[in-house]
Amino acid sequence: MTKLRVFRYDPEKNGGKSWYQTWDLDIAKGKTVLDILHEVHYFHDPTLSFRRSCNSAICGSCGMRLNKQARLACNTQALDLAEEYGEVLVEPLGNLRPLKDLVVDMGPFWQSVLDVRPFLIHQGKEPEGLYPVTKAQMDLTRIARDCIFCGACLSDCTSREANPAFLGPAALAKAYKFVGDPRDDATEGRLAVYSEPNGIWDCDTCLYCNEVCPMGVKPMDAILMMREMALEHGLVRAQGARHALAFYDTVMKSGKVNEAMTAMKSLGRRFVTDAGTVGITLRTVLKGKAPNPFKRPIRGIQDIRKLQASLEQSRRRSRA
Amino acid sequence: MRECHLENLPEQPSRCNLQGFNNGARFPRAPMGKHDVIVIGGGLAGASAALEARARGADVAIVTKLHPARSHSVAAMGGINAALEEGDSWEGHAFDTVKGSDYLADQDAVEIVCRAAKETILRMEHWGTPFSRDEHGKMAHRPFGGHGMPRAYFAGDRTGLALMQTSLEQLFRAGITVYDEHMAVELAVHQDTFHGVVALNVPTGEVVPIPAKAGVLCTGPAGRMYSKTTNAVTCTGDGLALVLRAGGALKDMEFVQFHPTTLHGPNVLITEAARGDGGIMLNAKGERFMERYAPKLLDLAPRDIASRAIQTEVNEGRGFPGGYVHLDLTMMGEEKIRERLPEVWEFSEKFAGVNPAKESIPIEPGQHYIMGGVATDSQGATTIRGLWAAGECACVSLHGSNRLGGNALLECLVYGKITGGHAADYARKAPEPPPLSDPLTAAVKKVEGLRKAVGGENPQSLKLEMGEAMTAGVGVFRDEAGMRNALTAVRQIRKRSGGVRVGDAGQRFNYALVEALELENLVDLAEVIAYGALLRRESRGAHFRTDFPKRDDAGWLKHTLATRRGDEFEIAYEPVRITMFPPKERTY
Amino acid sequence: MPKYAYFPGCVGQDSCKELDMSTKLIAHRLGLELDELEEATCCGAGFVQDVDYDLATVLNARTFALAEAKGLDVLTVCSTCQYNLAKANHELKKSPERLAMANKHLAEVGLKYNGTVKVKHLLQVLVDEIGLETLRKHVRVDISALNIGAFYGCQILRPTDILQWENSDNPQSFERLIAALGGKPVLYEGRKKCCGFPITFVNEKASMTMNFKNMEEAQERGADVIATSCPLCHINLDMYQRKADKVGGRRLDLPILHLPQLVGLAMGISPKELGLKRHLISTDSVVEAVKAKAAPVAAS
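Residue numbers (the working numbering), protein chains in the order written: chain A, 79 to 398; chain B, 49 to 636; chain C, 754 to 1053.
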């Protein structure tokens, strides 16, 4: 027998407080979590609400947190979870408001997607026939194309958890689908918008989205690609861009990052005007923990220069 | 360093109105706003209809019991057909389609679709669909069962997802209103004219009238009356049942397609493209048995022939215990399988624990598509004025008695656009719809009656019984006795379905209530299928009878029409529209 | 005697010098030989990658070439270094084009990478190679008074397809190590989450929010000290703890140790040598708790 524990919530029951309900079930080998939720709903408790449709991991309806990690219920083996954790724990997706039991309000999710203008924009003249694009060009956006909007990435996104205004991995992966598509010619405008606060620079690179996506989409990789493209387009005024460039500059100078210089260049005036930062600076100095602002270049720094030059030369050649 | 100009970016589209959540407000019976056109169903056909209606200036809204992104269109895998290559022609595509239909397709509809294929693919590509390309930038295409030439264009093996994504993106761009999680429970039809729908708002439990001057039904598949089906749980043919109740007609419902390769157990679809890319089917003796059934096309024979071949192998004892055969992809190697058929890889591992590069995949036929549907003319118009139908829920008829792979996605896009356009044009001259008080009352009575019922049977038990009866009696192989049994069983179940117990009296997200409403639709359709099948005394396309194994054009080159009279169904017939290709024997 | 090409990273020898100090001390005791890669550059930490991904890959390929020339695998002591190096290595090993690209440029400096190096984190080496049994034998001090919350840091756990080490949704290595050392591991959800460091300079409020929430949760579950395998996490959790307190509305006063400091403490190395006095959040409570249980464990 396996214990199934499920999050229950109904604003009109139990004073609007959620509770957990458990069932002891005999689960056959090969059954998915969706199979057992169906069994409970059909034959034990019809009041249990959850979204589902295709039962083949393509419609994205059944995104849930299973034993604390966002997954699809239809392609997760129940007994695997029971073996690892001693029970199958089913909860709604994170970062989204539960409406009833496992059903969450997907409104904010869709709004984030809408906010990136998720459709092809081609302001120039359309070609007579097909757009001339090669396999290699289309392959660039492969990491972003198969999104089924299940919400697993947003559920476990630590940036979204701390900052509900962050656009989030699904929306930004969708954005990359167009930024990386040669048929879309609004690249610069898009990158400018995505470089604003709560966009590409607000991702904390925690890798949850890459890890939990059931379709193999790599939202974080898409975000990082867009960062590089934004910098290439000269969009350097965003705070995140400043920080990355400051870090990079010091590494190029000395081979290792110069923590003090990076902080100063990145924060600019705030380094001396923000009380909390000044406090940290003082206390690290007192403890002897302050990083050295006059870092000497590593041995072999000439190698770094040569490699930089070599890459620059290759790029110039390929641009010609 | 280039300057960035934010004003270059087009206007932010208006928010896609996701109307589902009223946060506790109860029963506001006021209309949800009037629309010129409503599209019932938000999948590929529905989105296409809505976009075209909007393009023609109509105020259009989509009413869907899911959300467009969740529609079953996303499950379509292998490809969409068009005659784009040198040496191919729309006539060639049309001929293959008509032959594949076993000459039951209405050829004017076939011509419309095959002629429109090229511009359809172009439109979708221009909207950004990531069709697979080769190294030279040409769109990649693959062979598909029953076609003389390779003409299926694809996006990995997730073509349906890619096309639906693009359609959804265009819905976002156009800012089209979507009433998501609204299940249509009643068509408002007065004096044979459509005036709107009444829908159950699933998030809040309210029953709301949605009046409109014109409508397009795009409710998709209806295969959930079978126990082994690739269809989503939500594919319950709601639009078909609604049309029957409103006095319309269904056409050719007995023609049910069984996909030969569904994964034994969960019945997830293993795409035909796996065979297109080199996979072969083997029985328990290791024989490539298709050599006996389709010597020229072998494993790429049309689906009905392939399904019957597998079932025969199983019935005659050459299948594996459990009733399945093997699909062998091992010769492709891991890298090629992961590259060309990533989903097949996923399914085999997560749903069957099988590594397709090392072992064969266990497959069996499963219900997959219904060629029949709401009867329409060649422009998609139903017999109800102001109401059109498109996609799988319609029977134009494009597919006749058997559908070829790659034509379903094409049908959705082509007929979605055609019907959306007609609905918009009609709405421009149509009068304002009257208040929907009668249909609203009927709908509230039905919904509240179900919600409050105590005692009675569990609808899920009835559904299981129906599924077994249909699979056994109206499946890949049919005969008189089997179909009679199925029909009797289904009629009994229909009676019993009047008194089910829902078991959830709640307002919000009451899926037990939704399932009971869906069951009511399914039992009607199951009876129509069984009845039509029993009466048709021939074999044609997907309808194969051991007692009448030959095609009989003299007696049966005609469409079955089903209508509802009170609590029973009546069957009539109408001729097939033959304009290009006179019927011939169908061999491959 | 296991021997590794030691990749010290940047922070571990600068503001978090105590990490480098304690690593070398415990390595010496455990017979873990560290041949330091003094010419290796910063791993990029994701930021160099943001500006110039190809250059970052080439610089990391250089690091691997240097290690390969020594015939050694690479040892990291920072979760961020671990991920960035492992990711570059994974890419170079999987893609002949990327490896060729890197080697084309490395030829300019007389180097070549043949794709044979592995990259491992100290935590991995301690648990999987040196082994918990050996660790137990080196314990000299009773640390059972310490309720220790492990903080892995995102980039040592995810993504599993590149790191190919721990189970990312239920990691156990750190907790098993804590138990082997005699401490009491405290489980909490935040142990797998992000400390916030990557966005401290971008969106400080968000960073401090996640910082505080994770530490508060650990404390509520009974932790009185945190041990982390990443010096960047250490910066956020220790140096920035007071900023986190401001967002959270109360003082956590939760001491943060580096992984090798915890190991060294259990081994009986002095807190001073381990650099415990350098932290901004006082570690006195930890030292006191351990002293109170003093009765050195006899060598077995």
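Among the hints, a few may not be true.
Okay, derived cross-link-like pairs now, DSS-like style, lysine-lysine, Cα gap no bigger than 27 Å in a straight line [stated by the list, open to error]:
1) K871/C / K823/C
2) K384/A / K823/C
3) K373/A / K890/C
4) K857/C / K331/A
5) K958/C / K1025/C
6) K958/C / K777/C
7) K777/C / K213/A
8) K344/B / K598/B
Bear in mind the hints are in silico, worked out from the structure with no lab data behind them.
What hint numbers does the structure not satisfy? Failing hints, ascending: 3, 5, 6 and 7.
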